[in-house]
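Can you make the complete structure from the sequences, with help from the hints?
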Amino acid sequence: GNSVTQMEGPVTLSEEAFLTINCTYTATGYPSLFWYVQYPGEGLQLLLKATKADDKGSNKGFEATYRKETTSFHLEKGSVQVSDSAVYFCALSVKGYSTLTFGKGTMLLVSP
Amino acid sequence: DSGVTQTPKHLITATGQRVTLRCSPRSGDLSVYWYQQSLDQGLQFLIQYYNGEERAKGNILERFSAQQFPDLHSELNLSSLELGDSALYFCASSRRNTSGSRTGELFFGEGSRLTVL
Chain A
1 GNSVTQMEGP VTLSEEAFLT INCTYTATGY PSLFWYVQYP GEGLQLLLKA
51 TKADDKGSNK GFEATYRKET TSFHLEKGSV QVSDSAVYFC ALSVKGYSTL
101 TFGKGTMLLV SP
Chain B
1001 DSGVTQTPKH LITATGQRVT LRCSPRSGDL SVYWYQQSLD QGLQFLIQYY
1051 NGEERAKGNI LERFSAQQFP DLHSELNLSS LELGDSALYF CASSRRNTSG
1101 SRTGELFFGE GSRLTVL
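Protein chains in written order, with this note's numbering: chain A, 1 to 112; chain B, 1001 to 1117.
Hints are supplied without guarantee of correctness; some may be wrong.
To be clear about the criterion: a stretch of chain A counts as covered by chain B if any three or more of its residues have a C-beta under 8 angstroms from a C-beta of chain B, and this derived list gives those stretches [what the hints assert, rightly or not]:
1. 44-54
2. 99-112
Computed, partial: chain A to chain B, Cβ under 10 angstroms [claimed, not checked]:
3. A17
4. F18
5. T20
6. G41
Heads up, simulated DSS-like pairs for lysine-lysine below, C-alpha to C-alpha not over 30 angstroms straight-line [what the hints assert, rightly or not]:
7. A:K56 x A:K77
8. B:K1057 x A:K60
9. A:K104 x A:K68
10. B:K1009 x A:K104
11. A:K104 x A:K77
12. A:K60 x A:K77
13. A:K68 x A:K52
14. B:K1057 x A:K52
15. B:K1009 x B:K1057
16. B:K1009 x A:K68
17. B:K1009 x A:K60
18. A:K104 x A:K56
19. A:K60 x A:K104
20. A:K77 x A:K52
21. A:K52 x A:K104
Since the hints were made in silico from the structure, they are not lab data.
Since the structure is predicted, the reported quantities are computational estimates derived from the model, not experimental observations.
For glycine and all other residues, C-beta sits at the position ideal for the given N, C-alpha and C.
Right, dumping it as structure tokens:
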């Protein structure tokens, strides 16, 4: 079956620190990969995506590269802000099916 | 604002009761998905409807049911509620892209928080 494994949180950083949140996956077929973000009290929003191997998704200073050889899609940001404090979900969707499989989420807390 | 509307935002009820959660998808979206988010299980896919028909089923209990109406809004019915059903229930919707293939991008509502006492 399909599954996504994320590093457990919370991840606690100071403002302007470098962020990495690890994500690995298992999938039957060739998945599309996604990062969603959930701010406090809100629903999930798509942050970035990559649909094939070696693609890099990027948005709002966040980046993730689809690594087929290591089945990974790690999220990175060079300099986090307090406003980035949220829960980040890695997810996959196998081609032909739009149902997303999510990881358990990683909470990020950024202090001034 | 994702364009997906869920009501009610908060609901408190007792064990054994029945509740209905409502979702209006984004304009033009034909697919509706229901997810349950709890602290221990994370985000669990429950069920998907496409244009009124059930398309995919996940970890949905027999006590739960859903439907999608001709105007494309959807309702999730939860019955014989137990304490463990307390969770945040999300609705999401999606649209097909112009090529007809589905990219998997979903648009989420803000959720309905259910508390069972």
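Given the hinted pair B:K1009 and A:K104, is their Cα-Cα distance within 30 angstroms? Holds - the C-alpha atoms of A:K104 and B:K1009 are around 22 angstroms apart, at most 30 angstroms.
Is B:K1009 close enough to A:K68, meaning Cα to Cα at most 30 angstroms? violated, 39 angstroms
Decide if the proposed pair is consistent with the structure: A:K60 and A:K77, CA atoms, cutoff 30 angstroms inclusive. Within the cut-off at roughly 9 angstroms; holds.
Can the hint on A:T20 be confirmed by a CB-to-CB distance to chain B that is less than 10 angstroms? violated, 20 angstroms
Would the hint linking A:K77 and A:K52 be met if the CA-CA limit is 30 angstroms? Status holds; Cα separation ~21 angstroms.
Regarding the pair B:K1009 and B:K1057, is the alpha-carbon distance no greater than 30 angstroms? The hint holds at about 24 angstroms.
Is the interface hint for A:A17 satisfied, with its Cβ closer than 10 angstroms to some Cβ of chain B? violated, 26 angstroms
For A:K68 and A:K52, compute the direct alpha-carbon distance and say whether it is at most 30 angstroms. holds, 8 angstroms
Are at least 3 residues of the segment 99-112 of chain A within less than 8 angstroms of chain B when you compare beta carbons? holds (count 7)
Is A:K104 close enough to A:K77, meaning Cα to Cα at most 30 angstroms? holds, 20 angstroms
Are the Cα atoms of B:K1057 and A:K52 separated by 30 angstroms or less? At roughly 26 angstroms apart (the allowed maximum being 30 angstroms), A:K52 and B:K1057 satisfy the hint.
Does A:K104 sit within 30 angstroms of A:K52, going by the straight-line distance between their CA atoms? holds, 23 angstroms
Of the numbered hints stated above, those contradicted by the structure are hints 3, 4, 5, 8, 16, listed in ascending order.
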